[in-house]
Amino acid sequence: MKLKSMFHKVFLYMVLISLIGGGTTLGILITGQTLTMEENIIGEHLVIADIVSQTIETGYFAGRWPFETLEEIKKGEDIVFWWVTKPDGEIVLADNPDMWGKQVTNNFLYSNETIVRDTVFSETGENIKVIVRPLNIKEEGKNWMFCMGVSLKPISMARNSLIQNGITILIGVVFLTVVFSLILSRSIIKPIQQLSKATITIAKGNLDQHVEVESNGEIGLLANNFNKMIQELKKSKTKLEEYNKLLEKKVEERTKELRIAKEKLEEHVEKLERNKKMLLNLMQ
Numbered sequence: 084m085k086l087k088s089m090f091h092k093v094f095l096y097m098v099l100i101s102l103i104g105g106g107t108t109l110g111i112l113i114t115g116q117t118l119t120m121e122e123n124i125i126g127e128h129l130v131i132a133d134i135v136s137q138t139i140e141t142g143y144f145a146g147r148w149p150f151e152t153l154e155e156i157k158k159g160e161d162i163v164f165w166w167v168t169k170p171d172g173e174i175v176l177a178d179n180p181d182m183w184g185k186q187v188t189n190n191f192l193y194s195n196e197t198i199v200r201d202t203v204f205s206e207t208g209e210n211i212k213v214i215v216r217p218l219n220i221k222e223e224g225k226n227w228m229f230c231m232g233v234s235l236k237p238i239s240m241a242r243n244s245l246i247q248n249g250i251t252i253l254i255g256v257v258f259l260t261v262v263f264s265l266i267l268s269r270s271i272i273k274p275i276q277q278l279s280k281a282t283i284t285i286a287k288g289n290l291d292q293h294v295e296v297e298s299n300g301e302i303g304l305l306a307n308n309f310n311k312m313i314q315e316l317k318k319s320k321t322k323l324e325e326y327n328k329l330l331e332k333k334v335e336e337r338t339k340e341l342r343i344a345k346e347k348l349e350e351h352v353e354k355l356e357r358n359k360k361m362l363l364n365l366m367q
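Going by the numbering used here, the letters in the sequence shown line up with residues 84 to 367, in that order.
Because the hints were derived from the structure by calculation, they are not lab data.
Possibly wrong hints are sitting among the right ones.
As the list claims (entries may be wrong) - Here are the simulated EDC-like cross-link-like pairs (lysine to aspartate or glutamate), alpha carbons at most 20 Å apart as the crow flies: (1) Lys333 - Glu121; (2) Lys333 - Glu155; (3) Lys157 - Glu340; (4) Lys221 - Glu160; (5) Lys185 - Glu222; (6) Lys157 - Asp181; (7) Lys333 - Glu160; (8) Lys339 - Asp133; (9) Lys169 - Glu140; (10) Lys328 - Glu160; (11) Lys354 - Glu206; (12) Lys345 - Glu127; (13) Lys339 - Glu127; (14) Lys169 - Asp181; (15) Lys157 - Glu140; (16) Lys185 - Glu196; (17) Lys221 - Glu196; (18) Lys236 - Glu127; (19) Lys212 - Glu151; (20) Lys236 - Glu160; (21) Lys221 - Glu122; (22) Lys347 - Glu140; (23) Lys157 - Glu356; (24) Lys236 - Glu349; (25) Lys347 - Glu155; (26) Lys339 - Glu155; (27) Lys236 - Glu151; (28) Lys328 - Glu346; (29) Lys347 - Glu154; (30) Lys169 - Glu127.
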């Protein structure tokens with residue numbers, strides 16, 4: 084009876100460890116990677132907003148809106164919309180012509196510094212980030228604003244992929260735990276303790292764990308599968324980090340294209356200024 088009772092305890096203990104440890108590890112990993120991705124995406128789009136805003140300012144003072152540059156940024160899958168608004172909230176330019184002349188009633192339009200806000204895109208109901216940057220264009224002492232909506236779909240897609248992979252791995256580990264627990268004995272109590280310690284460490288966010296078990300039987304196979312679970316979680320984390328790097332590369336390429344467009348526009352403005360001066364000299 085004591086052996087049977089001990090077996091039941093070990094069985095339940097292992098199942099609970101697998102569920103709690105795996106679930107906690109998965110939750111910590113998803114939360115951490117989601118926050119990191121969100122910070123990266125917002126940082127990259129803040130750079131884009133800054134470059135585009137400078138291009139708009141240059142075009143405004145040159146008497147020519149940089150439509151080509153503005154059309155380019157809308158090609159990005161992550162950019163939901165962009166607006167140029169007056170201090171009173173009137174939209175003077177937008178990616179959607181139907182928005183021109185409409186009124187935006189948000190307090191953040193009166194900010195004197197770049198801000199990022201959470202909002203819901205009314206057309207799709209999607210939760211997005213809105214970047215609002217004041218332009219160096221004033222009307223009655225107040226700045227015009229450049230607003231850009233940033234989609235969070237890439238984050239959701241990566242998070243869902245990680246959840247699916249993690250759940251699949253977790254189910255596999257629990258299944259193996261149930262199967263091998265049926266033939267456990269007292270000899271596996273020590274290996275279970277090792278697994279317990281490793282799981283607790285993993286639950287704290289440390290995936291650099293490897294369980295060493297001197298057994299070629301079922302408990303050894305369980306430990307190997309536990310180690311495989313850790314490796315799979317590491318691979319999922321690595322894939323997510325690679326996706327972040329790819330996203331950063333795409334943003335860098337897009338930023339470079341915008342910078343080139345800005346330089347061409349500035350060259351055109353300088354040429355117009357020279358022609359203007361020559362014309363004035365001829366008239367005099």
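Verification of the hints:
At most 20 Å may separate the alpha-carbon atoms for a hinted pair to count; Lys333 and Glu121 meet this at roughly 16 Å. At roughly 13 Å between alpha-carbon atoms, Lys333 and Glu155 fall within 20 Å of each other, so this suggested pair holds. Taking the CA atoms of Lys157 and Glu340, the gap is near 13 Å; set against the 20 Å cutoff, the hint holds. For the hint linking Lys221 to Glu160, the alpha-carbon distance of about 31 Å lies beyond 20 Å, and the restraint is violated.
Taking the CA atoms of Lys185 and Glu222, the gap is about 18 Å. The hint holds against a cut of 20 Å. Proposed proximity of Lys157 and Asp181 is supported: the alpha carbons are some 15 Å apart, at most 20 Å. Distance check on the hinted pair: Lys333 and Glu160 sit about 11 Å apart at the alpha-carbon level, within 20 Å; holds. Proposed proximity of Lys339 and Asp133 is supported: the alpha carbons are some 13 Å apart, at most 20 Å.
Between Lys169 and Glu140 the alpha-carbon distance is near 13 Å, which keeps this suggested pair within the 20 Å criterion. At roughly 16 Å between alpha-carbon atoms, Lys328 and Glu160 fall within 20 Å of each other, so this suggested pair holds. A hinted pair counts as satisfied when its Cα atoms are at most 20 Å apart, and Lys354 with Glu206 does not qualify at roughly 42 Å. With a CA separation close to 18 Å, the supplied pair Lys345 and Glu127 stays within the 20 Å bound.
Distance restraint check for Lys339 and Glu127: the Cα-Cα separation of roughly 12 Å lies within the 20 Å cut-off, and the hinted pair is therefore satisfied. Only pairs whose Cα atoms come within 20 Å are accepted, and Lys169 paired with Asp181 is accepted, the gap being roughly 17 Å. For the proposed pair Lys157 and Glu140, the alpha carbon gap of about 18 Å is at most 20 Å, so the pair holds. With a C-alpha separation of about 23 Å, the suggested pair Lys185 and Glu196 falls outside the 20 Å cut-off, and the hint is violated.
Among the hinted pairs, Lys221 with Glu196 is consistent with the structure: their alpha-carbon atoms are about 14 Å apart, no more than 20 Å. For a cut-off of 20 Å, the pair hint linking Lys236 to Glu127 stands: about 15 Å separates their Cα positions. Between the alpha carbons of Lys212 and Glu151 the distance comes to roughly 24 Å, so the proposed pair goes past 20 Å and is violated. Restraint check for Lys236 and Glu160: satisfied, since their Cα atoms lie roughly 9 Å apart, inside the 20 Å limit.
The hinted pair formed by Lys221 and Glu122 fails the criterion: a straight-line CA distance of about 30 Å is larger than 20 Å. Distance restraint check for Lys347 and Glu140: the Cα-Cα separation of roughly 14 Å lies within the 20 Å cut-off, and the hinted pair is therefore satisfied. Only pairs whose Cα atoms come within 20 Å are accepted, and Lys157 paired with Glu356 is rejected, the gap being roughly 30 Å. As the CA atoms of Lys236 and Glu349 are separated by approximately 34 Å, the hinted pair breaks the 20 Å bound.
Pair hint Lys347 plus Glu155 holds up; C-alpha atoms about 14 Å apart against a cutoff of 20 Å. Distance hint between Lys339 and Glu155 is fulfilled; the C-alpha atoms sit about 12 Å from each other, no more than 20 Å. A threshold of 20 Å between alpha carbons decides the hint, and for Lys236 with Glu151 the separation of about 26 Å lies outside it, so the pair is violated. With a C-alpha separation of about 27 Å, the suggested pairing of Lys328 with Glu346 is violated against the 20 Å cut-off.
This hinted pair checks out: Lys347 and Glu154 have alpha carbons roughly 16 Å apart, not beyond 20 Å. In summary, the hint linking Lys169 to Glu127 is not supported, as the alpha carbons are separated by about 25 Å, beyond the 20 Å threshold.
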